[in-house]
Amino acid sequence: MTLNNRRLAAGATLIAALAAGVVPATDAHAAPAAPAAPAAPRATTPAPDMEGVVAALNAAMAQGAPGAMARFTGPEGAQARTVGVRDRDSGAAMDIRARFRIGSVSKTFSSVVLLQLVQEGRLELDAPVNRYLPGLLPDDRITVRHLLTHRSGLADYTDAMFEHTVPGFEAVRNRVFSYQELVDLSLSEPRTTEPGVSYQYSNTNFVVVGMLIERITGEPVAKEYQRRIIKPLGLRHTSYVHPDVHIAGLHVRGYLHPDEAGEPLVDSTEQTVSWAQSAGAVISSPADLNTFMTALMRGRLLSPKLLEAMTTVTPTDTTNTRFYGLGLRRYDLSCGTRVYGHTGTVQGYYTYAFATRDGRRSLSAMANTSNKGSANTALGGTLEAAFCGKKPAATASASARPGPSVPPAEVDLPERR
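Following the working numbering, the numbering of the sequence shown begins with 467 at its first residue and continues without gaps.
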């Protein structure tokens, strides 16, 4: 047998032995082989604590919401919970299939449309807004990116509009504004900061985003939402119906808290939402919001580059747990999980719609009240329960004792109570 043939035969014998699980004999005097490193433990995703979700929904009711609901999706499927009523007059129970006004979650819809236009090369993020809307703003330094990150310094016209909650709402309930009228309301107020300097939440920014969308596409924002998001994702219960005051089909009625404690709730369901438009007039359902946030995080709506830009965030407060990107919030939860999405406030409704960055888990939650910040904060507890799971008994009992608590809900509209 030649040398090459001997080597081939020896190699074949070794391979066969290894395949059979036999360890070849070794020199008794050779140094022992180092033990194999233990396999790294797999990171486990906590199961959602649906009892905790219900507790958060009940807490929102205890703070004045007639009802509340939440829907969680994950690798094991969808789980939904409801409490209370969707209609105080009829007593109809809250229904997870029902539509409602999602308020500022609409800003994420508007951002996606605008970023798709960036993707198509039809505008630039760091270009002045006045390049596309000549003469609209008094400062050429305000860029498209400043709008999406709430760093334009444009005053929020809703601060004055809703200084008195119920009278302010009734004054605009059936009114139809033009975009320009809303921008003019903002420009009549002092600017809050120099462009790009700091985060100052303002609905004016996303009114201007709506103007950009319509100027660049030549189409109403309703048509662009439909063509670019609603139809491709099959969102059968999502719509933008401005200025129609009605919510079609099965829906939740919304109830507004007056500024004065003890005064009766105001049914605020029927309204044009013309005071918000592209900043907050979308109607949706829990399932559709889950689908939208999941699809966004999985890259179905934007290129990797623009999704990375959208999820690049800066702090919005001093807790170092809350951040803002391009029309998108990031919350860092107690278990280390980061979730992306948006909060929503419109008269009569609070909404949370968030998903993990990989899109594998999502939560949408709604309480049918507003102008009651404690109800909004309580509803936000659904995020911890859904994404972090059940807390150990010691942690849970410690959190029940007096001490630091979850920061109050972020404000999308003025809160007077």
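By construction, these hints were calculated from the structure, which means they are not laboratory data.
Be a bit skeptical, because a hint or two may be false.
Capping the alpha-carbon separation at 25 Å, the derived lysine to any residue pairs in SDA-like fashion look like this [what the hints assert, rightly or not]: (1) Lys771 - Ile682; (2) Lys689 - Ser769; (3) Lys689 - Tyr598.
What you are looking at is a predicted structure, and each value in this text was computed from that prediction instead of being measured.
Hints versus structure:
In summary, the hint linking Lys771 to Ile682 is supported, as the alpha carbons are separated by about 21 Å, within the 25 Å threshold. Proposed proximity of Lys689 and Ser769 is supported: the alpha carbons are some 21 Å apart, at most 25 Å. This hinted pair checks out: Lys689 and Tyr598 have alpha carbons roughly 20 Å apart, not beyond 25 Å.
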